[in-house]
Amino acid sequence: MDLSRRSFLKTGVVGTVGISALGFDLQPLQAQTATLKIARTTQTRSTCPYCSVSCGIIIHTIGDGAKNVTPAVVHVEGDPDHPINRGTLCPKGSSLLQDIVNDRRLLKPQVRRPGSDHWEDIAWDQAIEEIATKTKLLRDATFVEKDANGKTVNRFDTLAFAGGCTDTNEFNYLVVKSMRAMGVTCLENQARV
Amino acid sequence: MSDRKTLQVQRISGHPGPVAGAGMQREEQVCKLIDTTTCIGCKACEVACVEWNDMPFQPTMFDNTYQTMPDTHWNYWNLIKFNEVTNEDGTFQWLMRKHQCMHCADPGCLAACPADGAIVQYRNGIVDFQEENCIGCQFCVSGCPFNVPKFSPTTKKVYKCTLCSDRVGQGLEPACIKACPTGCLHFGTKSDMLMLAEKRVKQLQTVSGFKEAGTYDPQTIGGTSVVYVLHDASNPEKYGGLPKNPRIPLSFTIWKNWFKPIGLIASMMAFAGVILHYVTEGPRRPQPQPPVKEVDGGEGKKEN
Amino acid sequence: MMLSSGPGVRVRWDRRIERARELGDKHPAAATLLSFYEHVLRFQQDVAEECNAPAKGMGCLRDEIDLGFAASKIPILLMLSSKHGPKELARHAEEVASRNRSNWQEILKSFALAHRGFNENPFDSFFARVCLQAIAETLQFQFPADANYFGSVCPACSGVPQLSILRPEAEGASRWLLCSFCLREWRFRRIICPWCGEEDKEKLPRYSAPECGHVSVEACDRCRTYLKSVDMTIDGRAEPLVDEAAMAVLDLWARDHGYAKMVPNAIGF
Amino acid sequence: MTNGWVDIKNTDMMLIMGGNPAENHPCGFKWVIEAKRNRDAKIVVVDPRFTRTASVADQFLQIRAGSDIAFLGGLINYALANNRFNHEYLVNYTNAAFIVKEGFKLPEDGLYSGYDATARTYDKSTWNYEEVGAGAHASDTHSHAVQSSPVPPPTLPPNVAYDLSLQHPRCVFQLLKQQYSRYTPEMVERITGIPRERAIKAWETFTSIRQNGDMKKAGTIIYAVGWTQHSSGTQTIRTAAMIQLLLGNVGRAGGGVNALRGHSNIQGATDMAGIFDILPGYLKMPVPADTDLKTYLTRTTPKASKPKEWDSFNYWSNTPAFTVSLLKALYGDAATKENDFAFNWLPKIDRKYSWAEIWDDMYNGKVKAMMAFGMNGVMIGPNAKKNIEALKKADFLVVCEIYPDETSEFWRAPGTTPEEMAKINTTVYRLPGAGFAEKDGTFVNSARWLQWKWAAVPPPGDCRLDQEILARIFLKIRGKYQQEGGKLPDPILKASWNYTNPNNPSLAEVAKELNGKALADVTDPKTNTTIKADQQLPGFAFLRDDGSTMSGNWLYCGSWTEAGAMIQRRDPADPSGLGIHANWAWSWPMNRRVMYNRASCDLNGKPWDPDRKQIWWSEAKQKWAGNDVPDFKPDSDPKSHMGPFIMNPEGVGRLFVPIGAVADGPFPEHYEPTESLIANPLHPSQSNNPIAKRFKSDMDKYGTPDQGYNIICTTYRLTEHYHYWTKNNPMNVQLVPEPFVEIPAELADQMGLRGGEKVKVTSARADYIAKAMVTKRIKPMMVDGKKTYQIGIPIHWGYRGIAEDAGKTAKTPANYLSPAAIDPNAYTPEFKGFLVKLERV
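Chains as they are written, first to last, in the working numbering: chain A, 1 to 193; chain B, 1 to 304; chain C, 1 to 269; chain D, 1 to 841.
For the record, the hints were derived by calculation from the structure and aren't laboratory data. Even for Gly, the Cβ is constructed at its ideal location relative to N, Cα and C. You may find that some hints are simply not true.
If we take Cβ atoms under 8 Å as the criterion, some of the chain D residues that face chain A in the derived model are [stated by the list, open to error]:
{"id": "1", "residue": "Cys27"}
{"id": "2", "residue": "Glu102"}
{"id": "3", "residue": "Gly103"}
{"id": "4", "residue": "Phe373"}
{"id": "5", "residue": "Glu401"}
DSS-like mimics (lysine-lysine), calculated; alpha carbons at most 30 Å apart, straight line [said to hold, decoys possible]:
{"id": "6", "chain 1": "D", "residue 1": "Lys201", "chain 2": "B", "residue 2": "Lys199"}
{"id": "7", "chain 1": "A", "residue 1": "Lys134", "chain 2": "D", "residue 2": "Lys776"}
{"id": "8", "chain 1": "D", "residue 1": "Lys494", "chain 2": "B", "residue 2": "Lys238"}
{"id": "9", "chain 1": "D", "residue 1": "Lys308", "chain 2": "D", "residue 2": "Lys177"}
{"id": "10", "chain 1": "B", "residue 1": "Lys238", "chain 2": "D", "residue 2": "Lys776"}
{"id": "11", "chain 1": "A", "residue 1": "Lys146", "chain 2": "D", "residue 2": "Lys201"}
{"id": "12", "chain 1": "D", "residue 1": "Lys494", "chain 2": "A", "residue 2": "Lys146"}
{"id": "13", "chain 1": "A", "residue 1": "Lys108", "chain 2": "D", "residue 2": "Lys393"}
{"id": "14", "chain 1": "C", "residue 1": "Lys109", "chain 2": "A", "residue 2": "Lys37"}
{"id": "15", "chain 1": "D", "residue 1": "Lys392", "chain 2": "A", "residue 2": "Lys108"}
{"id": "16", "chain 1": "C", "residue 1": "Lys83", "chain 2": "A", "residue 2": "Lys37"}
{"id": "17", "chain 1": "D", "residue 1": "Lys476", "chain 2": "A", "residue 2": "Lys146"}
{"id": "18", "chain 1": "D", "residue 1": "Lys352", "chain 2": "A", "residue 2": "Lys146"}
All chains should be modelled from the sequences, with the hints used to inform the complete structure.
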């Protein structure tokens, strides 16, 4: 940026033009502003989640976040500023809108009980509670503090964690931190295959 | 409908009278250049066409090829044709050709179409279908040398790629052009596109060893607004049936140039004959009725 | 349209004049503005054709302007403004013409050198801006384009952007800024405020209305400034300068919502 | 990738092998076409099938799947025979001149020296350089003395003997020549099925840029999992690295060895060590013998090993600083000098826990539970039916996905009877995660660019962000340990989780943690700048091993500094025109866009190609300057002869890999895939990779030709689909609606098979049913005199999706077929190149 942010602010905001501008009769325009159906759209820079070219995309959402209207995605556009894809998208990238707005999306936590032949709904807290209980029971039951030669190993090798590779770096770090804290050694990721 | 100014009509199908733009010096003719030698058949342009024209999802069937469907469809106007070709010299090629309306200078569909105003050719070369005037007779389907227009059983109308006449009318390039990731689609004036094509052809001939490389702009139909750069311009057939010398089917030329005018003259002659007879012979006078023989018993033959 | 050499001078202005008339018919609310702007554009066309002098050295564009020549054109502009201009402007023009003020060259010089455009008197700045724009635009074509320049001020005359343009590129649109002083267009970045450099998307809303179609307001909630943006991916035949001026209703809307424009356009909005 | 996507436009010559970028990276492939159009660059494509990449190639060679090393070995042989290398580059930037110890044996019989047949491992002490002064009387301390105490692992000699004339019989150059002298064009034809004259033409073309050592042009090798997914995958890629070193392409604009990773953040997942054998930043996992931090650090911190006169940065010597900074990040204040920075809270591994081994353990009842966040194990396999059976034995399975997937519904996989379903006692939790547009965070692309992305919309319905789900589970477990105690609760209680919102950690805070910050004032002696406590660190030169700094991943130090988030920068400018884009986001390490770019200059720091100046030695400033950040010690004068490969102890590129950095041999050797049609023509006695791992469970069968499996099968992706996601997108399903099997036309004619007919593909493990695509793009080949056919299967269809739910597919995932045989270094299963039968249905 040639003009750094500080120097911009110093010059302050330009004086607003007098209401009469150059003296035009603003009445007709004033009337029109009253009836304008203004929509506020936000443009979000994102990255296509598919292959590793990392094409830049711009997601247009309509709806004013401030007035707790949940924004709706209206258009996904290639980002021409992105040096790699220069705004182009492949057939998967250009149909990303169908990946964001898709009626096959899973929308609520479900559980399949042992022996059952169907999914049941389950509350978030209940699911988290059960998973934590089962994990702790398993860890306490099978935790290996010392190996056969008496060396400290602190291993919890009966729980496996499989991470995907459209998970973000930060999520992967939280996985490594939490799983290694529990002693998990069966830590694997799609990066392996 | 798009703004009239830039899309001035040049020729209208089934239209007896003269047309405003006819014969005027063609304003800059628009042209779409497709470089089949750098196309990787990724179908981004198919998706762009479907999305711009809001075409609904339609179930497709596996058909022993990477091609999305066997041919263009009434609501799928842009299709990449995949062709596995073994040349005489044994070399193998997997040719990918973006197939859509060629927007001919002398369009077979327009020539064949009897409906007034159903097919319009603009001065910039675009051949556009006006859905409201189409009577669904499908003459254009058989008139097209490239087998592009397709009939829709639901709406009983015929559709094809319009070279995004609505976008071009607004000064934009067609939707498929902007979608190409490898940049093998270009849009601009025909002279510019032919120059660009020539540059690429020269590179193909000298560097890539395609001696027969060339530009496909068939003059048998007066040239087209869609131009290909081909590895082998001497044999375009192998690119999924791209005709070497596309012509309006003979049956139409005969019908259009011979039968129709002859038929017209014949019917006018007959009409003239009737008038002449009237003038010379006068109106039909009541004929002296031959006496009706009384038939005994009243069972005269009544059937007539 | 090739930016670097630009179509002939006359054709460039003809397109703007035609567009002003076309939009005048289509948007009655802005008809009066546009009919006056048409006159202004014709004036600028004549000035531009006449002053086709090549830039001498490659120094700063603003020093290259022949202020004498510019000052000589002011009387025509005054006469035009008094005849066709809105009330206040007409009155001011007549009064200035009657006093045949001689210091126009100084006014033009101080206007040219005040990078952000001084604003003592909206009328004087109108005369100066309109007159100098025509000359500066012919000069700026002689400055080479730099594909790697993404600054927020004009690469040729470091002027402040007047409006932003979205031009179709691949599956999206690239953003260009148009200089308020020399009308040069240069490639800029999406999702950033040209004025304060804000990049948080939540603070960079775009306000659009169906009635205004391809023109919308690109605002910044941090420095409360805005630019009107002309989206050429919706209407490829738009003339950014004229389309921006035509949608004056958006300027009123923006002002009512506490946003201010960096620099007023040719007709004072 | 050592270079980057946009850098491909600078290349003059491309070998695209083991990858299909036109189909799998279409928008990145624009740069290949750009090089072809603007620089007349040549493209040589080698692939088992004629792909869309091949359709724009100058030369295409159809190769038998799994025989890549033979072709590449032939290329090395050709390059050496025709002097297609630059002497200055080879001698000074690679270990060609190093002399190898006495006792090292090349694998003429398929085995290197030191092979232990029973343990199926190598004793690698003979794979080492010769130390100066060691000479004839090898003072080999532990040659064959009775191993009383456990043999200390072999180490590199600090002072390596070398012969710049490259004449010494045991110098790496001569050994290389000898090793690949066996890869004659005739042998390559026997193994790969490529006619020798076509192979020679391709070798000639690719090495032509280095005609009589001219260094003006640069050639690149572009590959993907086509090379990785084999039982000798790592060695195949090593061969490519050796070729690029030999030809002097590494470090050059338009050069390098470029892996096109498959997914948006597969590079990030590798950097962040979501895999069993490393810690974030590629630090080694501790083993039981590492009783304390000091032992671990001595084992894992390499010492420089180079000729006396040369200099080597040996940057891995900073491993202590990286490790302690990581431990401070993981455990915060709980990691103190006294408790060895909580080193012992890390689990220590004494065996492999790789992907296929986890499923084997689960199948054998050892692994009792799995959490799968975005990884579809049943679709990936290999030998996916075994994965389904394994899951049936597990206690519970947690799946976090955005679409209904095969893994979460393994219990009602096709063919599961209601009775069987009733006996499956696994509890399955399916938690709705967030899509890519609903979360921010960083993706790292193939070119090592860390790019932050912003969330556009909140997750729909009752979905939660993945990090929130994970955090809630972990904190709930921590709460339980706080109340009820249990086995070794300390690491769980003390892991540093002090985010503003612990239940839903802000990824921006985590990204700052990855960059790392100073915990006490830290001064860099060279530039004597001081970073105050709690300030973000500007680069990994500031990391310390005394606990005064912390960083979640040393590689990412510099990504989010006091100057702000470098990964959020979006300035598209590229003044040099080389496609560097230094101000767009941030690439590791230290924003270097082309790695090893020191090698783009000759010995005295002048770029080989003045038209493509990346970096150069500025005599005036006594510093390296450039358009790209020098991947080098900034002030190391060329005269000190510091090698460009700063991460290697030798400082130079490794044509010869010493002491087992690669498990199956210092030089790549062709071994037959696990399931192969022929015995290895080079050494029939040792046909397969001697230490590639197979599995022994009853479901792990391996097919042989005499059991009727005589067709080679490979699996791959299509442009129109993305793994197992887009089978839920209408547009992509419309483009390619149904699964198919690509079958050579000649084979189909023999079987009287027409396109569109249903076929059944059977491997030793399972069946796969789909429609036949009869194609001329796969031709029969003569492999070692045997007529061989290859078929191909795209992987995109399972038993949940639009086409699947509509009953239009046979609901058989492709990876039912693949064998569980893994590469000895990368543990990647052999998805490409196994044996099958083909019948009509």
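TODO: State the violated hints by number, sorted upward, taking the hints as numbered earlier in the document.
DONE: 2, 3, 7, 8, 11, 14, 16
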